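Below, each chain spelled out in residue letters.
Number of protein chains: 2
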Amino acid sequence: MPTYKAPVEDVSFLLNDVFQIDRYGNLPGFTDASADVREAILGEAAKLSEEVLQPLNRTGDLEGCKRNDDGSVTTPKGFKDAFKQVAEGGWLGLSAPTEFGGQGLPVTLSQAVNEFQISANMAFSMYGGLTMGATAALLVHGTPEQKKTYVPKMVAGEWTGTMNLTEPQCGTDLGLLRTKAVRQSDGSFKITGTKIFISAGEHDLAENIIHLVLARIEGAPAGIKGVSLFVVPKVLVNADGSLGQRNGVTCGSIEHKMGIHGNSTCVMNYDNATGWLIGEENKGMQGMFVMMNEARLGVAVQGLAQSEVAYQNAVAYARERLQGRSLTGVKEADKPADPIIVHPDVRRTLLTIRAFNEAARAMVVWTALKSDVAHRSNDPKDRQVADDHMGLMTPVLKGVLTDTGFANTVSAQQMFGGHGYIAEHGMEQFVRDARIAMIYEGANGIQALDLVGRKLPRDGGRAAMAFFGEVTAFAKEHGTEEAMKPFITPLSTALGHLQQATGWLMQNALTKPDNAGAAATDYMKLFGLVALGYMWAKMAKVAQDKAAAGTTPYLNTKLVTGRFFMERLLPETAVHLARIQTGSATTMELAAEAF
Amino acid sequence: MPTYKAPVEDVSFLLNDVFQIDRYGNLPGFTDASADVREAILGEAAKLSEEVLQPLNRTGDLEGCKRNDDGSVTTPKGFKDAFKQVAEGGWLGLSAPTEFGGQGLPVTLSQAVNEFQISANMAFSMYGGLTMGATAALLVHGTPEQKKTYVPKMVAGEWTGTMNLTEPQCGTDLGLLRTKAVRQSDGSFKITGTKIFISAGEHDLAENIIHLVLARIEGAPAGIKGVSLFVVPKVLVNADGSLGQRNGVTCGSIEHKMGIHGNSTCVMNYDNATGWLIGEENKGMQGMFVMMNEARLGVAVQGLAQSEVAYQNAVAYARERLQGRSLTGVKEADKPADPIIVHPDVRRTLLTIRAFNEAARAMVVWTALKSDVAHRSNDPKDRQVADDHMGLMTPVLKGVLTDTGFANTVSAQQMFGGHGYIAEHGMEQFVRDARIAMIYEGANGIQALDLVGRKLPRDGGRAAMAFFGEVTAFAKEHGTEEAMKPFITPLSTALGHLQQATGWLMQNALTKPDNAGAAATDYMKLFGLVALGYMWAKMAKVAQDKAAAGTTPYLNTKLVTGRFFMERLLPETAVHLARIQTGSATTMELAAEAF
Numbered sequence: 001m002p003t004y005k006a007p008v009e010d011v012s013f014l015l016n017d018v019f020q021i022d023r024y025g026n027l028p029g030f031t032d033a034s035a036d037v038r039e040a041i042l043g044e045a046a047k048l049s050e051e052v053l054q055p056l057n058r059t060g061d062l063e064g065c066k067r068n069d070d071g072s073v074t075t076p077k078g079f080k081d082a083f084k085q086v087a088e089g090g091w092l093g094l095s096a097p098t099e100f101g102g103q104g105l106p107v108t109l110s111q112a113v114n115e116f117q118i119s120a121n122m123a124f125s126m127y128g129g130l131t132m133g134a135t136a137a138l139l140v141h142g143t144p145e146q147k148k149t150y151v152p153k154m155v156a157g158e159w160t161g162t163m164n165l166t167e168p169q170c171g172t173d174l175g176l177l178r179t180k181a182v183r184q185s186d187g188s189f190k191i192t193g194t195k196i197f198i199s200a201g202e203h204d205l206a207e208n209i210i211h212l213v214l215a216r217i218e219g220a221p222a223g224i225k226g227v228s229l230f231v232v233p234k235v236l237v238n239a240d241g242s243l244g245q246r247n248g249v250t251c252g253s254i255e256h257k258m259g260i261h262g263n264s265t266c267v268m269n270y271d272n273a274t275g276w277l278i279g280e281e282n283k284g285m286q287g288m289f290v291m292m293n294e295a296r297l298g299v300a301v302q303g304l305a306q307s308e309v310a311y312q313n314a315v316a317y318a319r320e321r322l323q324g325r326s327l328t329g330v331k332e333a334d335k336p337a338d339p340i341i342v343h344p345d346v347r348r349t350l351l352t353i354r355a356f357n358e359a360a361r362a363m364v365v366w367t368a369l370k371s372d373v374a375h376r377s378n379d380p381k382d383r384q385v386a387d388d389h390m391g392l393m394t395p396v397l398k399g400v401l402t403d404t405g406f407a408n409t410v411s412a413q414q415m416f417g418g419h420g421y422i423a424e425h426g427m428e429q430f431v432r433d434a435r436i437a438m439i440y441e442g443a444n445g446i447q448a449l450d451l452v453g454r455k456l457p458r459d460g461g462r463a464a465m466a467f468f469g470e471v472t473a474f475a476k477e478h479g480t481e482e483a484m485k486p487f488i489t490p491l492s493t494a495l496g497h498l499q500q501a502t503g504w505l506m507q508n509a510l511t512k513p514d515n516a517g518a519a520a521t522d523y524m525k526l527f528g529l530v531a532l533g534y535m536w537a538k539m540a541k542v543a544q545d546k547a548a549a550g551t552t553p554y555l556n557t558k559l560v561t562g563r564f565f566m567e568r569l570l571p572e573t574a575v576h577l578a579r580i581q582t583g584s585a586t587t588m589e590l591a592a593e594a595f
Numbered sequence: 001m002p003t004y005k006a007p008v009e010d011v012s013f014l015l016n017d018v019f020q021i022d023r024y025g026n027l028p029g030f031t032d033a034s035a036d037v038r039e040a041i042l043g044e045a046a047k048l049s050e051e052v053l054q055p056l057n058r059t060g061d062l063e064g065c066k067r068n069d070d071g072s073v074t075t076p077k078g079f080k081d082a083f084k085q086v087a088e089g090g091w092l093g094l095s096a097p098t099e100f101g102g103q104g105l106p107v108t109l110s111q112a113v114n115e116f117q118i119s120a121n122m123a124f125s126m127y128g129g130l131t132m133g134a135t136a137a138l139l140v141h142g143t144p145e146q147k148k149t150y151v152p153k154m155v156a157g158e159w160t161g162t163m164n165l166t167e168p169q170c171g172t173d174l175g176l177l178r179t180k181a182v183r184q185s186d187g188s189f190k191i192t193g194t195k196i197f198i199s200a201g202e203h204d205l206a207e208n209i210i211h212l213v214l215a216r217i218e219g220a221p222a223g224i225k226g227v228s229l230f231v232v233p234k235v236l237v238n239a240d241g242s243l244g245q246r247n248g249v250t251c252g253s254i255e256h257k258m259g260i261h262g263n264s265t266c267v268m269n270y271d272n273a274t275g276w277l278i279g280e281e282n283k284g285m286q287g288m289f290v291m292m293n294e295a296r297l298g299v300a301v302q303g304l305a306q307s308e309v310a311y312q313n314a315v316a317y318a319r320e321r322l323q324g325r326s327l328t329g330v331k332e333a334d335k336p337a338d339p340i341i342v343h344p345d346v347r348r349t350l351l352t353i354r355a356f357n358e359a360a361r362a363m364v365v366w367t368a369l370k371s372d373v374a375h376r377s378n379d380p381k382d383r384q385v386a387d388d389h390m391g392l393m394t395p396v397l398k399g400v401l402t403d404t405g406f407a408n409t410v411s412a413q414q415m416f417g418g419h420g421y422i423a424e425h426g427m428e429q430f431v432r433d434a435r436i437a438m439i440y441e442g443a444n445g446i447q448a449l450d451l452v453g454r455k456l457p458r459d460g461g462r463a464a465m466a467f468f469g470e471v472t473a474f475a476k477e478h479g480t481e482e483a484m485k486p487f488i489t490p491l492s493t494a495l496g497h498l499q500q501a502t503g504w505l506m507q508n509a510l511t512k513p514d515n516a517g518a519a520a521t522d523y524m525k526l527f528g529l530v531a532l533g534y535m536w537a538k539m540a541k542v543a544q545d546k547a548a549a550g551t552t553p554y555l556n557t558k559l560v561t562g563r564f565f566m567e568r569l570l571p572e573t574a575v576h577l578a579r580i581q582t583g584s585a586t587t588m589e590l591a592a593e594a595f
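Line by line, the protein sequences are chains A and B.
Using the UniProt record's numbering, you'd call the opening residue of the first sequence number 1 and step up by one each time.
Using the UniProt record's numbering, you'd call the opening residue of the second sequence number 1 and step up by one each time.
Chain A with its partners taken away, still in its complex shape (with noise of 0.2 Å):
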């Protein structure tokens, strides 16, 4: 049975050394996060993360969700019950508004809760994670009475949220969506359509689900232009709050999937159901672009976590697995062979996933903390160089930390040989739950799309000069370090093939679109190795400091993962820089008939 324990160690390390957040008290909810608070707060969702979530994760993936012939649906067992602690332990307002009944915390210290909780059980927790990025949806373009109305009810988890915008003839391209919403005399609308992939869609944690559904008022434009959004509870709200007529929309069917088997992705189908407008008629996607904000961060955290879980079953295996003997000698005589972490090649693999895992989890602090500037800040020009890094980061840390999360799953499947592909040690749950992840909420290839053609362009590239200036202080300021010159040589190496890489890119996409698009891939990958790499070159200083007064087996392991990323893992961005420089006449040459 796999086993995870929450890295508390490290967040803290992130947030009170690298990052610093005391340094933020001047930020709305950051005085109430002192280090003490910190600390109990991640201590206690440790504990909820490793006691109750991770035990239900591999049963609720042999069970799965079950719709009953009624059209209701039965989780997994233990899942309400535990569901009921994290909504009475107030873990979903963490950073909601205290008004709403949140606590106001910072959105810095809920992703790393957040990511304790995917660890342990991925599917579990993306009930209360589309509860959240519904609830940020409503806060910002809700009225002030569907705020009331629902807010609160949501943040307290007593009811919970979804997305619903894919539908069986577009995902992607929701300028295709069919449903539709007539206007009702009361200023309600009338909801009819089928919605495809609806997490959370429909269950039995809670007493309402609260459905943001994207859907086209009779009459409005084509595409993209004529979508607007509709929260329709599945139950009707009554006006003192309380619940009243069942809605007219159910769950069709659960869909047969990969992973994620706890989690109930349903068929949603809406039949004249009610619905009421949020933010301005037709501008659908500009509520939704909040949510999908908040989904991605909350997604690339899916990435990681998942890497990190299989990363720890993978070490505990390769320790007490016996097989073979050291290439170097006999390690372990009085047992009937060495432990498999002997060999260079185990170690290599466990090496390359945590060198990534902690250099992504900076990475997602980091932004988190800019997401928290952006919208606490008094200070315009604070908020604007925030979102700016906000907007830049998103698409990277969504497509790179899935991308290499799942592959992570993967190599750290394979430390278990025959017994990572069989259902008993719960590696191959990790790699098919970690799978979606690079899927949903915009599939990767669309991140990369997203950075190179609007997020690189946006503002004369504003964005990313702020970033390539950041790092090139970092590395002037410190490349005539001795000791850290083992990771301001390889990084100023790779920031300049990121350079070259954006040089090529305004000197021959503008004009040949698809030279961007061939080399978007490329170029978000070649672009998160560079963010990661500077996110170890800052958390080698602080630890090479804090050493300075005194060195741990935790600073110790933090440099030698530190010189393991830069030595075998930022060197990639070379290759992402020569297929860019191909560009994209191979790529565009054959007609599709050839293919």
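Don't read these hints as lab results, they were simulated from the structure.
Quick caveat: nothing in here was measured; it's all calculated off a predicted structure.
All the pointers check out, no bait thrown in.
Identical copies go unnamed one by one, so any copy, or any two together, can satisfy a pair.
Cross-link-like lysine to any residue pairs, in silico, SDA-like; alpha carbons within 25 Å at most: (1) 335 / 194; (2) 283 / 326; (3) 77 / 62; (4) 66 / 1; (5) 5 / 594; (6) 546 / 475.
Assemble chain B onto chain A, guided by the hints.
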């Protein structure tokens, strides 16, 4: 529902034009395999795979194998009839010796047929695949009586075969195995023990199952030097060849695994089962190695085959799925959106898979041809050169074709967006099925160690030097041809990287084995890239020559795909070299507890 069309034209191009197997008319069986006969066989094999085996792939996955209370195992609906068709069509004996009822045709041809069957239905194909592997071991190490008793029935598909190596405490390190064999007065042995992960261990497709079992004779030396190989039939065979009593071997349970659900992967319990020694006492690994080489090439083909069928389905979907518009303007104005194959990132993904598949197929044909030469030539020098090639390329093929083949199924699944994650389209099954090929028959990390630690240094590096010499000579011969420059220039660069890496290993790994261990996987991938690149250069030369006499869509696509490989995939050699040259210091620095 997924579809499949066997790549007959591509196989014919390789057999007829690239490797010109008609030149090998002096080898037994090759004159029987004239161009006409090959065409007929490939056509029939395609038909069988497309029409009989492929339709059972998804139903086999859904239904799986069922162990009944009496220990018997029921395979999915349709498997029994399909196996009968395979057996009666003589497909299991295509390249088996004629004296045992086979057709004696080249392995070069039977491996091509093998690819078709695996693409169509991997789980199903394993029943026959294991049978052919067991037959090979019996043919090399069995007594004349053993061959006479078992081989004709196995070639005819009346009986099937298995390999029983793994036990709960050992897979890679077979010296740890505990299954015991007690000598009986009649020369037979009583075998007792538990074997796990036994593919096709029990089923209803044939009236007998011939288990080849590794066990330790009482009093044998400890470790691998005390391991012997036995033949243990499920049903004992009477002197007249008829079936007698049931033997003491039973299926204890079927493993719950990630994929290949149509194949019964069994825990096999041996309880005083009667067995007979194959080959010499305590030299069981010799017999197993025959099976393993056969099996490893077969597993390599599994990687290719799943990549191929996944590619075909991704292409079909990319041509049909309408979503968004081309970056360069509307392509199909009469439709609500363009098919996604207009997008460079989709084409990049598809070409990445295709460029691998076609070179991998060439590498399989190339190596299978060497297998034929090694086993059938009268010339000792030819046999030695071919055997060198086989030894060197087997781990490369197994490791690289299954790693990349799996990655390609994941990429192909990605083309479907959310539809790839649900079971309906069959893409997630390709991923789950392909995953096992990286693990069994020696996990890929073991293949890498086999390459670096054994195959490379063997006979003073003779095999590798021959390969380097062949590529160098080809590059020299065609390097001045203008049309070949896009192939020869990158190939020469990549070969240079491989030679540098080899030199680095010679200088650094002999005295410090950890440097070999830390380099092994990267060296294997680097080697594979160069070999695949060489295949592309050879194919390009032939395609160019043929195109000069009149080009065709096939030849044009071949040349564009080859250039894509050279531009986008082959440059990865640089990163592998860089990683190898970092050595093992950082990788080995941490204590096991620090992970």
